[in-house]
Each structure stands twice: as C-alpha cells, then as structure tokens.
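Engineer: For the protein sequence lines, the chains are A and B, in the order given.
Residues in the first sequence are numbered consecutively from 1, following my numbering.
Residues in the second sequence are numbered consecutively from 730, following my numbering.
Treat the hints with care, since some could be wrong.
[To be verified] The list that follows gives simulated cross-link-like pairs (lysine to aspartate or glutamate, EDC-like), each with its CA atoms no further than 16 angstroms apart:
hint, chain 1, residue 1, chain 2, residue 2
1, A, K189, B, E822
2, A, K185, A, D234
3, A, K644, A, E669
4, A, K318, A, D430
5, A, K211, B, D759
6, A, K610, B, D852
7, A, K584, A, E551
8, A, K343, A, D371
9, A, K211, B, D760
10, A, K567, A, D535
11, A, K361, A, D99
12, A, K274, A, D304
[To be verified] Under 7 angstroms between C-beta atoms, here's a sample of chain A residues computed to sit facing chain B:
hint, residue
13, D209
14, G633
15, N658
Rather than coming from a laboratory, the hints here were simulated on the basis of the structure.
Glycine included, C-beta positions come from ideal geometry on N, C-alpha and C.
So you can see what is in the structure, the chains are spelled out below.
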Amino acid sequence: MSLLNRRAVLKASGSLVVGFAWMPQSTFAASPRVVKPVTLDVVDSYLAIGPDGRITVYSGKVDLGTGVRTALTQIVADELDASLEQVTVIQGDTLLTPDQGPTFGSLSIQNGGAQLRRAAATARRALLEKAADKLKTDVSTLSISDGVVVGRGGGKIPFGRLVGGKTPLLKLDEHAPLKSPADFKLVGKSVPRLDIPGKVTGRFTFMQDFKVPGMLHGRIIMPAAMGATLLSYDESTISDIPGVVKVVRIENFLAVVARTEWSAIKAARQLSVKWSAWNGLPEQARIWEHVRSTKVLKDDVTSDTGDATSAFSAAPRKCSATYDFAIHTHGSIGPSCAVAEFKDGKLTCWTASQSTHNLRKQLASMLGLADENVRCVYVDGAGCYGRNAHEDAAGDAALLARTVGQPVRVQWMRADEHGWDPKGPPTLLDMRGGLDAGGKILAWESELYIPNGGAGFVALAGADHAGLSSLGQLSPGGVINDLAIPYTIPNVRTTAHRLESTPFKPSWIRSPGRMQNTFANESFFDELAAASGVDPLQLRLQYLHDPRGEEVLERLAALCDWRQRPKPDRGGEVVTGRGLAYVKYELVRTYVGVVAEVQVNTKSGEISAKRFWVAHDCGQIINPDGLRNQIEGNVVQTVSRVLKEEVTFDRSMVTSLNWATYPILTFPELPEVIIDLIDRPNEVPWGAGEPTAALVPAAIGNAVFDATGVRLRSVPFKAAKVKAAMEAA
Amino acid sequence: MTSTQLNVNGKTVALSVDDVDVPLLYVLRDDLGLHGPRFGCGLGQCGACTVHIDGVAVRSCVMPLSAVKGKVVTLEGLGTEAKPHPLQRAFIEEQAVQCGYCINGMIMQSAALLARNPKPSADQIRQELAANLCRCGTHLRIVRAVQRAAGG
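Take the sequences, apply the hints, and build the full model.
Structural biologist: Right, here's the structure in full:
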C-alpha cells in the first residue's frame with residue numbers, strides 16, 4: 001500500500017509515496033517540496049500516514065467557521081481507530097487536496113465526510129491486511145487502538161510501521177467495510193472544537209492575519225457608481241503619504257499599493273478620482289415592478305401533478321397571495337482579504353474562498369495562465385455564509401501582485417464589502433391555493449421570479465472592473481430548490497420564471513432560494529390552514545405522508561406543547577403568538593420543524609422574536625454540540641435577516657454601506673432557542689448548515705399572524721411595514 | 730518618522746511611525762504582530778477591534794495612536810492557552826465560537842464588564858455587548874460563556 005514514508009518522493013501519477021508528516025508545519029509554504037495525488041479515486045488523495053503514525057487528512061471541504069474541521073477529524077479518526085491528536089486536517093489547497101466541490105449547500109459532512117470515511121475505511125482494511133501479513137496471522141484476529149494494530153496474541157504494530165515503500169496508490173473502495181455505529185468512539189460525541197482555544201487567545205491565524213515576507217498592502221478604490229467609468233485620477237493628491245508604491249489602474253480597476261496598511265488606506269481615501277455618472281439601477285421603491293417586468297429566459301417547472309390550473313379555476317374557495325424577500329448582503333464581520341504572490345510566472349493565492357478549486361480556474365482565466373500555474377491555499381477567514389467577497393479580494397490581490405512584482409495583501413474596507421460583495425437577489429413569489437367547500441386543499445400553484453443560473457462562477461469584481469474575463473456568469477445558486485412542496489395535494493404545479501438579469505451581481509447566501517421559497521410555501525400553507533379553520537400542525541400532518549417528517553413534527557409539538565399552547569390574546573398593545581414551519585430540505589434530506597414565539601407591538605409594529613423551538617433530524621449526528629451551535633446560528637442569523645436586513649440603494653449605488661445603514665441583530669434582541677436533536681446513527685449524515693434557516697421567516701410570519709391576525713408577506717418585517725400591514729387589515 | 734512608546738500587555742515597546750494619528754489597531758496588528766484585535770469596520774460600529782486602555786474597552790480602529798495615554802491590553806495579554814483568563818476558559822467550555830472573528834471583541838468587552846461588575850445579570854451582559862456584532866449567530870453561547878466566567 002502507499003500510505004507513505006517521509007523520505008520518498010511522490011510522483012502524482014506514479015507509485016512512490018511520501019510521508020506528509022511534516023506538511024502541517026508548512027501548510028502555507030509557497031513552494032511545497034512534493035506533489036501528491038488529488039484525484040477523487042485514490043485514498044492517497046485524502047489521507048497520508050507518516051512514519052510517526054501521524055495522519056494527515058486532505059480535505060477539499062473547508063471550515064468556514066462551522067466546526068467541520070473537528071467533525072471531519074472525528075470521522076477519520078474513528079474509522080481508523082486512531083486518536084484525535086494523531087490527525088491533522090489540511091483544507092482547500094489546490095495543490096494538495098482533492099476537489100470535493102465548493103463548501104456550500106450543507107454538504108461538507110454529507111458529501112465530504114462520506115468520501116473521507118470511505119478513504120479511511122479503505123486505508124483501515126489495507127493497514128490490517130499488511131499487519132496480518134507481518135504478524136503472520138489472519139485479519140480477523142486483529143484490532144486497532146489509538147493507531148496501533150493489536151493482534152490477539154499480543155503483537156502490536158503502530159500505523160507508522162505499516163506505511164511507506166514503493167507501492168502503488170491505494171484505490172478508494174466504495175465497498176470497503178465501514179465500522180458499525182455501535183463501535184463508534186468519537187463520532188456522535190460532542191468533541192470540543194480544535195480551533196477554539198487558539199481563537200479565544202488571539203493565536204489562531206485568520207486569513208486577515210496571514211503575512212508573507214516582502215508583502216505590500218493594497219486597497220481598492222471602488223467606482224463611485226456600480227457602472228461608472230474611470231475618467232481620471234490625480235496622483236499628486238497623495239504625494240504627501242509616505243510609502244505609496246504604486247497607483248494601479250487597469251481600465252476601471254483602480255487601487256493603491258503601499259508599504260504599510262495605513263498608508264494604503266489613507267491613499268485610497270485621499271486620491272482624487274473622477275468617475276462618470278451612472279444611474280442604471282432601478283428605483284428601490286419600485287423593485288418588485290422591476291422584477292416582474294424583467295425578461296424571463298425560461299421556465300423551470302419543479303413539480304407538476306394533476307392539473308393545478310384547472311383545479312384552481314374550478315375550486316369553490318380560492319386563496320392567492322404574493323410574497324417577496326429583499327436583497328441581502330452576506331455581512332461578514334471581517335471584510336474579505338487575500339494575499340497573492342507571483343513567482344516565476346506562477347501565482348500562489350492565500351484565500352478564505354469557500355471554493356479554492358474554482359477560484360483557481362477563475363484567477364487563471366483572468367491572468368491568462370494555465371490552471372496548473374495557479375495555486376490557491378485556503379486560510380480560515382471570517383464566516384462567509386455563501387459566496388461573499390473572499391474571491392473578489394483574491395482577484396484584486398492577484399492583479400496587484402502581478403503588477404508590482406511583490407506579494408500583495410488586499411483587505412476590503414467595510415464599505416467595499418457592504419457595497420460590492422455579490423448580493424442575495426430580490427425574490428418574488430405568487431402563490432395560489434384552491435380549497436373545496438369543506439376546506440380540503442385541491443390545488444397548489446406557485447410562480448417564482450428568480451435570476452437564471454445555478455451555483456456557477458460568480459465574476460470577480462476586480463476582473464469586471466479591469467475588463468478581464470473571470471468565467472463569470474449569472475450565478476444565484478441552487479435557488480429553485482424547495483419550490484416544490486412536501487405535501488401530498490392532488491393538483492400541484494410549481495414554476496420558476498428564470499430572469500435574464502437582477503439589479504446586483506447575485507450569489508448565494510445561506511439557504512439561497514430555499515429560504516425564500518420555504519418562506520412563501522410555509523406561510524401560504526398557514527394561510528390555507530387559516531382559511532380551512534384547521535390547526536397548522538394538524539393540517540401539515542394531514543397532508544404529509546412521510547413517517548420521518550411526521551416524527552419531526554410530533555417531536556416539535558411535544559417540545560413546545562403546541563397542542564396546549566396559550567391562545568393568543570389579540571386585545572393588548574403587545575400581543576404574543578406562535579407560528580410553525582416545516583421543511584424536508586430540497587425534498588431529499590434533512591427534516592426540520594420550527595416553532596417561533598413572537599411579541600408584536602400593535603402600536604409601533606415592532607416585532608420581538610422571543611423563543612424558537614427546533615426539532616431536527618439530519619440522520620447520523622457527528623458532533624451534537626457542533627450541530628446545536630449550527631442550529632442556534634441558523635436561527636439567530638435568520639431572525640436578523642427577517643426582522644432587520646435590507647440592502648438599500650439609489651439609482652447609482654448601494655447606500656447601506658455600513659452597520660448603521662445595514663443593521664443586524666444585537667444582543668438585547670436575542671431570542672431563546674430550544675432544540676430537540678433526533679439522532680439516527682444507522683442512517684447517513686445529512687447537512688445542517690442551512691435547513692433550519694429556511695424555516696425562520698415563515699415561522700416568524702405565522703407567529704405574527706397568530707398574534708395579530710395580520711399576514712406578513714414581505715421580508716424584512718420592519719416595524720413601519722408591519723404597522724402599515726396592521727392598519728390596512 | 731516619529732519615535733514613540735506604547736505600553737502593551739505589560740511591556741513598554743518603542744515604535745517608529747510615519748503618522749502619529751495611525752489608528753492603534755494597525756500598530757498592534759502590523760507593527761507588533763498582535764492579531765487578537767481585528768479590523769471589522771474601521772468605524773467603531775462592530776467591536777472586533779476592541780482592546781483595553783487602562784482597563785476600559787475601547788475601539789482601537791478609531792483610536793489614534795497619539796491619543797493613547799494609558800496601558801494597552803489585547804486578547805493576547807488577557808491570557809494564553811496554557812494560562813487562560815476565566816473568560817477565555819469559559820468561551821472554550823461553552824464552545825462559544827463559530828468563525829471567531831468577532832470573539833476578540835466579545836471577550837475584551839466582557840472582561841471590562843466583569844472588572845466593573847463581577848456578577849452581571851444576563852440582561853446586563855446583553856446590554857454590555859449591544860454594540861458588539863456577531864454574524865454567525867453565536868450570541869446565545871457568548872452570553873452563557875460570560876455568565877459561566879462570572880460564576881453564574
């Protein structure tokens with residue numbers, strides 16, 4: 001087998017294998033001494049075992065602040081019966097890690113973890129076979145403990161002595177026997193996160209902390225309007241700032257490079273620049289008219305059962321409503337940052353990108369390089385919650401490093417991040433439901449207005465401004481997921497109208513499309529429940545034919561005493577209500593039910609989210625506390641999005657350029673979160689980074705309806721809008 | 730270049746800067762290699778850059794070096810992995826981190842609170858942290874960690 005020996009030199013396509021035990025110390029080195037396989041079909045791409053028994057995991061999936069590094073460590077260590085301390089994880093390095101796809105869509109454990117587990121299981125079998133050979137015994141007599149193979153007769157061989165030599169790469173075996181869940185020692189346990197001690201003592205290296213020798217500092221001067229053209233700039237206006245190395249202009253891309261960060265910031269602020277006027281954005285007050293009148297490129301019908309149009313027309317009782325969801329920004333607390341270095345025609349870029357393998361292709365395209373001459377290395381950044389501007393900062397740093405011939409660090413300023421990171425697009429849904437006289441649901445129709453495209457390449461801002469290609473295309477994410485519904489209704493048709501354009505370059509933000517679609521679906525289902533006079537939980541159970549989903553709802557009901565809940569008193573100035581929402585994520589995975597309890601001030605329209613109950617089934621749980629941390633984050637972040645967040649803009653530019661104009665939830669506004677985890681150790685693990693978030697908008701809206709009798713159909717639920725809805729009711 | 734001195738984490742360091750009004754944050758991060766305080770907004774709105782000056786939590790991103798008169802303590806000066814401050818220990822025990830970019834500010838702001846008020850209520854903690862922003866939604870754990878550090 002090819003699990004590795006320190007001195008050998010590995011050829012990517014050959015049979016020699018090397019020990020990577022030294023790698024963790026030199027993860028960030030620009031010129032690694034070896035290359036290794038990175039194809040998805042060999043164990044050596046994912047795992048290396050050094051002669052000291054240390055296990056290095058090469059993960060294409062990266063930790064975006066979710067704790068997945070720890071969870072992946074648990075998965076590999078457990079499958080190999082090694083200790084956690086033996087394992088080191090290298091993440092998202094295009095030279096060293098396999099391309100397991102971008103870190104998005106709640107897939108790191110579900111897909112990335114499953115691949116690593118298979119690799120570890122294959123390695124385990126190979127290690128046992130080799131040990132059996134050495135001990136001259138049968139594999140069935142062997143066990144493994146803390147990375148040491150132990151024979152029944154007492155013979156012991158540590159992993160480090162079973163690796164190395166001139167052996168072929170080990171083929172990943174999809175059918176390698178997996179450990180029985182009953183034998184798990186680490187998986188399923190709340191192992192403390194490996195990164196937290198360093199993060200709370202200031203010793204952890206974030207992307208924003210990363211330095212290389214000779215590094216200069218770049219700052220970007222963004223156009224004064226989204227589509228403005230650079231007319232001129234006057235370098236003499238920054239001649240008093242020491243340490244300015246260069247003002248870099250490529251078409252409409254303008255930046256300063258300086259020896260110190262502060263000089264770069266000052267120069268970027270002080271440089272006198274003239275931009276053309278541009279006012280091509282739609283009027284914000286008429287954004288939904290704009291969306292509705294945008295050219296539709298095609299229709300995606302995501303479900304079609306029976307004849308929904310005829311059934312709706314014929315239904316004796318009809319409900320219809322329009323839901324909208326504002327433009328959101330990612331709002332990472334740390335503005336995006338990257339460091340790039342050009343050496344011998346090759347680019348190395350250190351980046352917090354969620355997708356280093358894709359970024360590599362984009363940078364190569366932008367600079368006219370072959371992919372193999374670009375290396376992207378992941379370094380943990382501030383949480384991104386999707387495709388924020390980490391990639392854009394990488395593009396900027398690459399352009400500047402090439403221009404000045406020295407490594408350059410670029411960090412965006414707050415206004416750059418709020419103004420120019422790609423946005424969650426404005427989303428509009430028309431809903432129609434037909435009921436019979438007894439309240440039975442006969443027909444369900446929905447029409448979604450959403451930009452065309454999927455989770456492809458989002459153009460790099462710097463490349464756009466410089467007039468260079470970065471393979472960009474309209475890429476809002478997998479936004480038509482969860483438009484189809486989990487309920488069995490005889491006539492259903494759900495259609496996504498795919499729009500030719502959207503005011504701001506779109507990308508995915510946590511639960512893209514799924515959140516907006518679930519908001520409309522679960523709110524409108526609540527409308528049908530109200531119309532038919534049936535309890536919202538009861539109606540869901542009635543139309544759900546899915547035992548696992550029903551169990552989630554029953555567990556949720558028990559958790560919050562739904563059936564004995566207090567009846568809302570709609571009389572006072574401050575009223576309280578509860579609302580329920582349910583999702584089977586993308587109709588194929590994680591089941592979640594959420595109940596929200598809110599208070600509404602009927603005079604001001606102000607909503608206070610007091611409490612959330614969450615029942616959550618993502619199959620096998622790897623780390624229960626890590627999962628709770630994710631669920632709490634899903635709830636709190638989405639409460640912020642639903643109650644407070646909306647990108648504002650005039651005809652030229654985003655105007656919500658800081659935290660005063662784009663406020664997010666603060667500590668005094670926190671809800672309580674009560675969670676019931678349903679663990680299924682014998683099932684596959686599904687994702688948990690997004691599904692709960694998808695439910696929060698509808699749960700809040702339904703609770704407001706419970707409290708006030710007023711239906712909120714437009715996110716964010718800001719006080720003025722709520723007040724207007726109550727006055728109109 | 731102007732030569733000046735700064736007392737940071739119990740030591741006096743000599744500095745040479747070309748602008749005495751450089752915000753303290755860049756001196757700490759770029760000249761002294763202290764990465765606990767972080768750039769979040771440069772506007773004093775988010776708290777990621779918080780340090781103590783004479784025990785008071787201040788936003789180092791808007792504090793000119795020339796205005797710093799007292800002793801500066803950063804997250805690194807509060808404690809280490811081997812010898813953590815009670816808050817650092819509590820944040821580990823409560824696993825009160827997601828991405829961790831804001832955590833410096835959460836700990837530094839809370840440390841200033843505990844120095845003034847060793848037994849704050851949950852409500853007092855939430856008020857103290859009202860101008861510290863977290864995007865991951867780790868707030869609930871952060872409050873629990875501060876309560877734990879306060880022995881509550």
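Engineer: Okay, which hints does this one fail, numbers in order?
Structural biologist: Violated hints (numbers, rising): 2 and 12; every other hint is consistent with the structure.
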